[in-house]
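Going line by line, the protein sequences match chains A and B.
Quick note: the first sequence uses our numbering, first residue 99, plus one each step.
Quick note: the second sequence uses our numbering, first residue 25, plus one each step.
Please keep in mind that the hints were generated in silico from the structure rather than gathered at the bench.
Each residue gets a CB set at the ideal place from its N, CA and C atoms; glycine is no exception.
Please note that a few of the clues may not be correct.
SDA-like, lysine to any residue: derived pairs with alpha carbons at most 25 Å apart [claimed, not checked]:
| hint | chain 1 | residue 1 | chain 2 | residue 2 |
| --- | --- | --- | --- | --- |
| 1 | B | K27 | A | R558 |
| 2 | B | K157 | A | S206 |
| 3 | B | K27 | A | F388 |
| 4 | B | K484 | B | Q461 |
| 5 | A | K284 | A | S206 |
| 6 | B | K157 | A | G440 |
| 7 | B | K157 | A | T439 |
| 8 | B | K157 | B | S134 |
| 9 | B | K98 | B | I222 |
Okay, the calculated bits of chain B under chain A, using three or more residues with CB under 8 Å as the criterion [as the list claims (entries may be wrong)]:
| hint | region |
| --- | --- |
| 10 | 38–48 |
| 11 | 212–221 |
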Amino acid sequence: MTAIPNQAAAPRAAADAVSVRATRRGTELSMIGFAVGIMALAYAAVGLGLNGHVPSGIVIYVPGFAVLLLVAHMGVRTFAPHADPLMLPLAGVLNGLGIVMIYRLQESGVSGNPGFPISTLTSHAALYQLLYTGIGVAAFVVVLGLIREARVLQRYTYTLGAIGLVLLAIPAVLPDSMNGAYLGAKVWIILGGFSVQPGEFARIALAVFFAGYLVVKRDVLSLAGRRVLGIDLPRARDMGPVLVLWAASLLILVFESDIGTSALFFALFVSMLYIATQRTSWLLIGIGLFGVGAEIASLLFTHVAVRFTLWLHPFAPASLNISDQLARGLEGMAFGGILGTGLGQGQPFWTPLVQSDFIVTAFGEEIGLTGLMAMLLIFGLLVQRGLRAAMSVRDPFAKLLAGGLSFVLALQIFIIVGGVTQLIPVTGITTPFLSQGGSSLVSSWIVVALLMRVSDTARRPPPQPIQDEGMTQVVRAV
Amino acid sequence: MNKALRRLSLAVLVLFVVMLINVNYLQVFRASSLAAEPANPRILSEQSSYQRGEIIAAGGPGAQQVIAESRPAKGGGFQRYYPAPYVYAPVTGYDTVDGTYSGIELAENSLLSGTAPSLAVHNLIGLLTGKSKQGASVYLTISPKAQAAAYQALQAMGRPAAAVAIDPSTGAILALASYPTFNPNLYATPSSAQLAKIDSKYRNDPSQPLLNRAISATFPPGSTFKIVTGSAAYSIGHVSTPNSPIPAPQFYRLPGSTHVLTNDGNAPCGNGNPPIAFAFAESCNTAFGKLGATIGSPAIHKYANLFGFNNPNLTIPLPVAQSNYPLLTDPAETAMSAIGQFSDTVTPLQEAMMAAVVANGGVLMQPHLIQEIRAPDLSVLSTTVPTVLRRVTSAQVAHNMGVLMEGVTHDPYGTAYLSAGPSVTGINIAGKTGTAQNGVNNTGLDDAVFTCFAPYSNPKIAVGVIVKGGGYGADAAAPIAVKIIQAYLGRH
Numbered sequence: 099m100t101a102i103p104n105q106a107a108a109p110r111a112a113a114d115a116v117s118v119r120a121t122r123r124g125t126e127l128s129m130i131g132f133a134v135g136i137m138a139l140a141y142a143a144v145g146l147g148l149n150g151h152v153p154s155g156i157v158i159y160v161p162g163f164a165v166l167l168l169v170a171h172m173g174v175r176t177f178a179p180h181a182d183p184l185m186l187p188l189a190g191v192l193n194g195l196g197i198v199m200i201y202r203l204q205e206s207g208v209s210g211n212p213g214f215p216i217s218t219l220t221s222h223a224a225l226y227q228l229l230y231t232g233i234g235v236a237a238f239v240v241v242l243g244l245i246r247e248a249r250v251l252q253r254y255t256y257t258l259g260a261i262g263l264v265l266l267a268i269p270a271v272l273p274d275s276m277n278g279a280y281l282g283a284k285v286w287i288i289l290g291g292f293s294v295q296p297g298e299f300a301r302i303a304l305a306v307f308f309a310g311y312l313v314v315k316r317d318v319l320s321l322a323g324r325r326v327l328g329i330d331l332p333r334a335r336d337m338g339p340v341l342v343l344w345a346a347s348l349l350i351l352v353f354e355s356d357i358g359t360s361a362l363f364f365a366l367f368v369s370m371l372y373i374a375t376q377r378t379s380w381l382l383i384g385i386g387l388f389g390v391g392a393e394i395a396s397l398l399f400t401h402v403a404v405r406f407t408l409w410l411h412p413f414a415p416a417s418l419n420i421s422d423q424l425a426r427g428l429e430g431m432a433f434g435g436i437l438g439t440g441l442g443q444g445q446p447f448w449t450p451l452v453q454s455d456f457i458v459t460a461f462g463e464e465i466g467l468t469g470l471m472a473m474l475l476i477f478g479l480l481v482q483r484g485l486r487a488a489m490s491v492r493d494p495f496a497k498l499l500a501g502g503l504s505f506v507l508a509l510q511i512f513i514i515v516g517g518v519t520q521l522i523p524v525t526g527i528t529t530p531f532l533s534q535g536g537s538s539l540v541s542s543w544i545v546v547a548l549l550m551r552v553s554d555t556a557r558r559p560p561p562q563p564i565q566d567e568g569m570t571q572v573v574r575a576v
Numbered sequence: 025m026n027k028a029l030r031r032l033s034l035a036v037l038v039l040f041v042v043m044l045i046n047v048n049y050l051q052v053f054r055a056s057s058l059a060a061e062p063a064n065p066r067i068l069s070e071q072s073s074y075q076r077g078e079i080i081a082a083g084g085p086g087a088q089q090v091i092a093e094s095r096p097a098k099g100g101g102f103q104r105y106y107p108a109p110y111v112y113a114p115v116t117g118y119d120t121v122d123g124t125y126s127g128i129e130l131a132e133n134s135l136l137s138g139t140a141p142s143l144a145v146h147n148l149i150g151l152l153t154g155k156s157k158q159g160a161s162v163y164l165t166i167s168p169k170a171q172a173a174a175y176q177a178l179q180a181m182g183r184p185a186a187a188v189a190i191d192p193s194t195g196a197i198l199a200l201a202s203y204p205t206f207n208p209n210l211y212a213t214p215s216s217a218q219l220a221k222i223d224s225k226y227r228n229d230p231s232q233p234l235l236n237r238a239i240s241a242t243f244p245p246g247s248t249f250k251i252v253t254g255s256a257a258y259s260i261g262h263v264s265t266p267n268s269p270i271p272a273p274q275f276y277r278l279p280g281s282t283h284v285l286t287n288d289g290n291a292p293c294g295n296g297n298p299p300i301a302f303a304f305a306e307s308c309n310t311a312f313g314k315l316g317a318t319i320g321s322p323a324i325h326k327y328a329n330l331f332g333f334n335n336p337n338l339t340i341p342l343p344v345a346q347s348n349y350p351l352l353t354d355p356a357e358t359a360m361s362a363i364g365q366f367s368d369t370v371t372p373l374q375e376a377m378m379a380a381v382v383a384n385g386g387v388l389m390q391p392h393l394i395q396e397i398r399a400p401d402l403s404v405l406s407t408t409v410p411t412v413l414r415r416v417t418s419a420q421v422a423h424n425m426g427v428l429m430e431g432v433t434h435d436p437y438g439t440a441y442l443s444a445g446p447s448v449t450g451i452n453i454a455g456k457t458g459t460a461q462n463g464v465n466n467t468g469l470d471d472a473v474f475t476c477f478a479p480y481s482n483p484k485i486a487v488g489v490i491v492k493g494g495g496y497g498a499d500a501a502a503p504i505a506v507k508i509i510q511a512y513l514g515r516h
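Can you build the whole structure from these sequences, using the hints too?
Quick look at the structure:
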């Protein structure tokens, strides 16, 4: 091989050049075909599993879902033709499976189906989920259309920062009847029959804010102070922003009883700080502060301590009296085993609120370990594509934004999947693309839009030289 | 910034690998233990939707009998049915819609319900061939004849009582009956509310029908404990033959005490120094009390342990309550304990085990209820091989004790001559009666105890019977044992 490096390298370089220029939109379209196909088969399987018939809704759900993904695809073709071709199909297949599972749960125990109806789920939940998918896809296209370059957002650094904080704070100041306190965590804005989880959107606004802020301040923040045990510690005066954010995340915990959002919010900042400065010390300080915060929280608030007890002893009678959600979810996954019971043939209705935080256990039960691992790999691929976009883009703002959003997406998946599989204590956060509810779905689509925007920038071929080589421009003197 | 991104990517990789490992651990390795969580609603609803295995009394000669089966219920699914509920309740236990079990239903639940690992292959084949899932059947060593005779005899007596019969050479339990008992069919109701009502009614019943007196309750053994004392005396060489004389005063003042031990009716015991066989057959308290005080509590304790006393861990596979013989230091207490009084207690199963040891040449076999387990396709999954629990006494000592026990029923002066003697029963039974005083200052009704084996020359069955408040062991307990033996050996 060493004898012919130049001969081998030349065609490879040519191929690289081609691949950079290829938009791969055709690949994306055929992968979307796969995603719709999986969704359609899964949807039919639910009906066959429940009562032996392909549900009549197949003429609404499958074409509806296909049209939405096609709209998203056309949006990408129009506004981000060079974007990563895998992200949209990956997000799409997850969203489709989410709709299918919500349909399956909504049909439990109704009109002669096995099991019993899930009281917390309306009979139109799946249709609403399809509607939310429509809103999500619309938001996806609008974000791609409005934000033609990620760095445009940098202009709104502080505006978005303020918006993010306000969104986070609103539920805390609302009366309990309007913030969903009765659901355990005060993270909602409830007006009439309409409810929004502002925290889902606040996270995106704050990611933009952190990116804008850190791009400007990263040189200062990466200035080393003293070196202790081989680690460059930052100067004490630079600790300010971290401590402020730490305090803010603790406040979320105190006022909104929401450990998951609080942890994600803080992790978002620390991970972006680390990407910006490349200083391990910030990471260690962040983890340390988180540990201290968690310790303080578990001492101060009984609900944190209760979550630990539920985690360590989910089957103890005392735990079951508080909540049997984790226990029933674990039993469900064990019931599914390696191959699963088959869609529509398990008993996920035993797990309380299975359609939101615990939807992963319903998948584990009905499509088994095999299906669940495939879904985790799809999530992993989605995160990987995001991180790859972050690594290949040149603009530091876009890099930070994509890196932070991707990492927090991964962390969100870990916190919720780890929570329902007894790896870590359960903290109520939604599963991206899968959980029932509009806020989570729409915000997930916005995150994917931003990541695809960054990947579009990264993969866009450099502008062609204006003039042909060798030609001399003639400048006419006036 | 790419260096940090690369490291974060690595961290993300770790997070996903950890998640993947964890779901594998959960859904493969922890699956069976999670399935076995009590009140796992999925498993419970699954279980009522397919056929649970049968429990079959398959021991002894004669026809087998199905004693628990699942029948198709009206509203779909299956319901448990017990054809002879009261006779077998102490063995089968119950199976409820709430997933609570007792008896064999509990002990063999994983096999009956089909969740046991040994059934995994059968379940998989059933899944592939589209057959509905079915549990394994449990074949018991219980002899339908002996069990029916035992329950009928106990019921006729009408007092709280229990009887256990064992095959001495294998340890197979042939009968295990308790009275009063409960109707497990009432527990098989598909309604949780109805179940709670039934359960509460039984639990609050002062006659304690849910108590399995055969293995879960203990009673004073009375004079039947003289088998242990006698075995200890032979084993340590204190006596050597059935004719060895032992001191037997008419009145025996307990050492260091003012309490005077007497024989039944204050009668003398022979000439005051009779052969041990005579003292045993007449059940002289003074002779065996003095014998116990002479050989000492440690020797008795050692042989009591060998016979199975003081063991909290015996399972058949139902858990068996501990029979007690505490180590004593006071000679007066030792004397009382040597005749089965003071703090000695036994289960009826332990009574049967005592006779079984003597019948089996001094070797105690592991008592067991399970004969074999069969998969739904009737292939045998496992068979119980009789195992030796331990050697209790030498064959010679066992022979001597056998001679002593034969005297109880064969000699005209033996305590059970009139109730279990060969002229009454037509069978050569060897046994020992016990009449245990109890209550404050022994004012309560005496408990009647009888332990025996038959036929004497070629033992096939060993029986232990205790009747609470039955009076003399020979009058209340021995006839029950005789009925069981006659039913089992097919002689009337």
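Hints the structure violates: just list their numbers, smallest first.
4, 5, 11
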